[in-house]
Amino acid sequence: MSRTDWEVVIGLEIHTQLNTQSKIFSGASIAFGAEPNAQACAVDIALPGVLPVLNKGAVERAIRFGLAIGGTVAPKSIFARKNYFYPDLPKGYQISQYELPVVLGGKINLLVPDGKGGHYEKLVNLTRAHLEEDAGKSLHEDFHGMTGIDLNRAGTPLLEIVSEPDMRSSAEAVAYAKALHALVRWIDICDGNMQEGSFRCDANVSVRPRGQAEFGTRREIKNLNSFRFLQQAIDYEIQWQIDLIEDGGKVQQATVLFNPDTGETRAMRSKEDAHDYRYFPDPDLLPLVISSDWIERVRSELPELPAALSARFEGDYGLSAYDATTLTASRETAQFYLDTVATAGTANAKACANWVMGELAARLNKAELDITASPVSATQLAGLVQRIADNTISNAIAKKVFEALWNKEGESADAIIEAQGLKQVTDTGAIEAIIDEVLAANQKSVEEFRAGKEKAFNALVGQCMKASKGKANPAQVNELLKKKLG
Amino acid sequence: MIDSSLKDIAAALRAKTVSAVELATDSLARIEAGNPKVNAFITVDKEGALAAARDADARLATGSAAPLTGIPMAHKDVFCTEGVLTTCGSKMLANFTSPYDAHVVTLLKQAGAVMVGKTNMDEFAMGSSNENSHFGPTRNPWNTDTVPGGSSGGSAAAVAARLVPIATGTDTGGSIRQPASLCGITGIKPTYGTVSRYGMIAYASSLDQGGAFGYSAEDCALLLSAMAGHDPRDSTSLEREAEDYSAALDKPLAGLRVGLPKEFFAEGMSDDVRAAVEAAIAEYRRLGATTVEVSLPNARLAIPAYYVIAPAEASSNLSRFDGVRFGHRAAEYTDLMDMYCKSRAQGFGAEVKRRILMGTYVLSHGYYDAYYIKAQKLRRLIANDFQAAFAQCDLIAGPVSPTVAFGIGEKSDDPVQMYLSDIYTIAVNLAGLPALSHPAGFGAGGLPVGLQLIGNYFGEARLLGAAHQFQRATDWHTRKPAGF
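For the protein sequence lines, the chains are A and B, in the order given.
In short: position in the first sequence from 1, add 122, done, that's this note's numbering.
In short: position in the second sequence from 1, add 319, done, that's this note's numbering.
Honestly, the hints are just simulated from the structure, not real lab data.
One or more of the hints may lead you astray.
Computed footprint of chain B on chain A, listed as stretches where at least three residues anywhere in the stretch have a Cβ under 8 angstroms from a Cβ of chain B [stated by the list, open to error]: (1) 172-178; (2) 208-217.
Within a straight-line C-alpha distance of at most 27 angstroms, the following computed DSSO-like cross-link-like pairs (lysine-lysine) qualify [what the hints assert, rightly or not]: (3) 238/A to 259/A; (4) 259/A to 661/B; (5) 204/A to 661/B; (6) 696/B to 204/A; (7) 693/B to 198/A.
Note that CB positions come from ideal geometry on N, CA and C, so glycine has one too.
All chains should be built: construct the whole structure from the sequences, respecting the hints.
As structure tokens, this is what we get:
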């Protein structure tokens, strides 16, 4: 049987919860974790007669997003009602945007891991982003066969960000979701907390024989709240669709749920019983008019965006695209890096990058600390990098100094080097004395080297370094040892 | 005293010849005697009324009283009242006590008005006869075998029967003007956005507008002045300075240009109504106004446009009545869908169901453009017609209803005939214009006939002024039904 070469087509719809103080159409708080229904006011529970009033903070965040992705902020957009019955949807409709969304277009550049340790660039175009309210929650446990309703989340502001079907693998989808996740936090419109549901992905997945122009029939995987689940769900779904088609079946358009326990996706409803949402403009809300003044004010308040900063890191500091992207994954990381370079000097920018992404990131990760809570400050790290650069310490000793800084054993790299006597030995006489001692004590290795075993040389270097407690300048040790043996 | 003008009642309160408690007691006694005949009230709040009256008396004693302080009044049961049953005329809300006050209710409380109760209405304000109430039909005080009009029929009947001097109402397609006309009182619906809709249970959000009933235009002006004003909780509330609608009451009619839409006078109006309307217009001329024929060519499309837009909005607005959080829930059901279906099937009456079905249909996939979008285009054309007419005149006059009050049960089996009774009022709501109805005489069976005056946007003071001038020269508005 000839195997078809399948091409995967993925588009994502991502719901980001906007970090406003209050709900999108009422004054109730959106803070997470309150007692059920403690944060549901008359408007949220849809008492007879109540009316929605739009939260300007939510609009401002949508504008920020539109500008950050280079999209068009619509001068006029419309709130529409999406009508359906569900117990946790108190009005019997969700206020959303349908025909005229607040943001149109825009794009995001990504670096996608190529699976071979490298990365490739990818551009994902966005279709739109629109404002809407979240629904409440149905609680099915602890109610003895009945269902509890918690409306604290009802009315929480969401920005739904819809991509074009531009992604061709789960890796691309995850890279896109991660980039968007980083961006919404960067521009401070969403806290990005995926466990609390602040950033939820729906993935539209289809497959087609490579070369076919039209898309295959898609299925939509709902409510993926981690990057790992996103990847697993898409990979499972792709294989499921390919297997189905290759077995002579046809994909039916459907909404599916991913079960993290089994790693499988399963249809929750097919197209036949799809809702007719009867969208129409909400007569309780005027068209959302956004003046160019408002847009310009928001633009002037935007921080430097990750793409621009990343380009600056590549251009000014000579970093690779990957390093630049990694350092701009969050505003905090980028700021830490900028602060480090500011003290260490541009000439040490590359070394600073290596330390921030390497030792520091690893330690923070292990300690489950955010970079803003790093025990080693940017200034301290810069001091360390400078001492490596001016040969005061070797890289090996630098790791010791870093450890000491982490443990608060000293105020600065210099103080620790001084207090612990870690300064590199560069005095030729002193190094020669160490070498002589080592050679005298390791006659066997000397003979092996003379007999042509290169490895023996390295062993001798190691002995010299050990004898100097790591403080001898390794390059000098190499050079002088060669001379002595030569 | 209850059947006096607000001006006289207010003067008496200040002169201490009557107290607010005495007025409230009088109103409650009238309700006790008269309400069994007309069924104008769903709820009478005796204790609340007396407590409010005592507060009003205290305020009157300090000299800090507002124009409405101590005046007994009633709210249409579409307005939410904290701690008082708010049914909207429906079984669905027969058990609903609102935990909050509508903006209008708050304003009138602040003004010191004394609410004696909540008036009967067509269920969810859907109807033109008050026969669609879960609490039984309201009867017209002029002839209790006839309807008072609707949907604010309870308020109109309560004022006409002199149970209260003023009452609130809402008007989505004529629901203030038509009952005012049929009950022989004055009623005004202001420009859309003048009165906050917060706490006013929605029927058709883009058309619903609160307004006032009284014996006269002068009384309506006082009540409307206390109800109107910007409310940040209603996004469609107009951001305008509060206005004194009594300001233009004394403006003479000389020079007023009254437009007469030829389409309103062509056919459909019964002879008795035509005679009264034409006589009233002649009176306006006698008082110095001039008349000019104008045209509203698209007005004939108002009813079909309305019966797309209003049900569409209603079908969505009424979705919240699902039995989950408040209101009627079926006693027995098998699952969630069954609970929804049974609760709504039991809670809503036939007309409400009819409109929900119509609205759901016109918003459905594949029909939306043909119905809803088309109706919105008609709406624009109708509004444009009015603007063209107002280039030639200051206000427009015509009939309110094609006939005087019809018999109870007469049209209840024929919804289309019922819908046609709003043929002269609906276009005004689609355009969002202010309009009033004032007594203009009597027709068949000695039943009242109203004249409709339509103004341009924000023309309420002018409308009330014209009607007041008419009422200074005539006494139709002082006529009372026998037995009340």
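Taking the hints in turn, this is what the structure says about them:
1. Check on the stretch 172-178 of chain A: 5 of its residues sit with their Cβ under 8 angstroms from a Cβ of chain B, so the three-residue criterion for coverage holds.
2. Interface restraint, the stretch 208-217 of chain A with chain B: holds (5 residues with C-beta to C-beta distance below 8 angstroms; minimum three).
3. Simply put, residue 238/A and residue 259/A have alpha-carbon atoms about 43 angstroms apart, too far for the 27 angstroms limit, and the pair is violated.
4. A threshold of 27 angstroms between alpha carbons decides the hint, and for residue 259/A with residue 661/B the separation of about 23 angstroms falls inside it, so the pair holds.
5. Of the supplied pair hints, the one linking residue 204/A and residue 661/B holds, its CA atoms being roughly 23 angstroms apart against a limit of 27 angstroms.
6. The suggested pairing of residue 696/B with residue 204/A holds, with an alpha-carbon distance near 22 angstroms, which does not exceed 27 angstroms.
7. Restraint check for residue 693/B and residue 198/A: satisfied, since their Cα atoms lie roughly 22 angstroms apart, inside the 27 angstroms limit.
Of the numbered hints given earlier, the model fails hint 3 alone.
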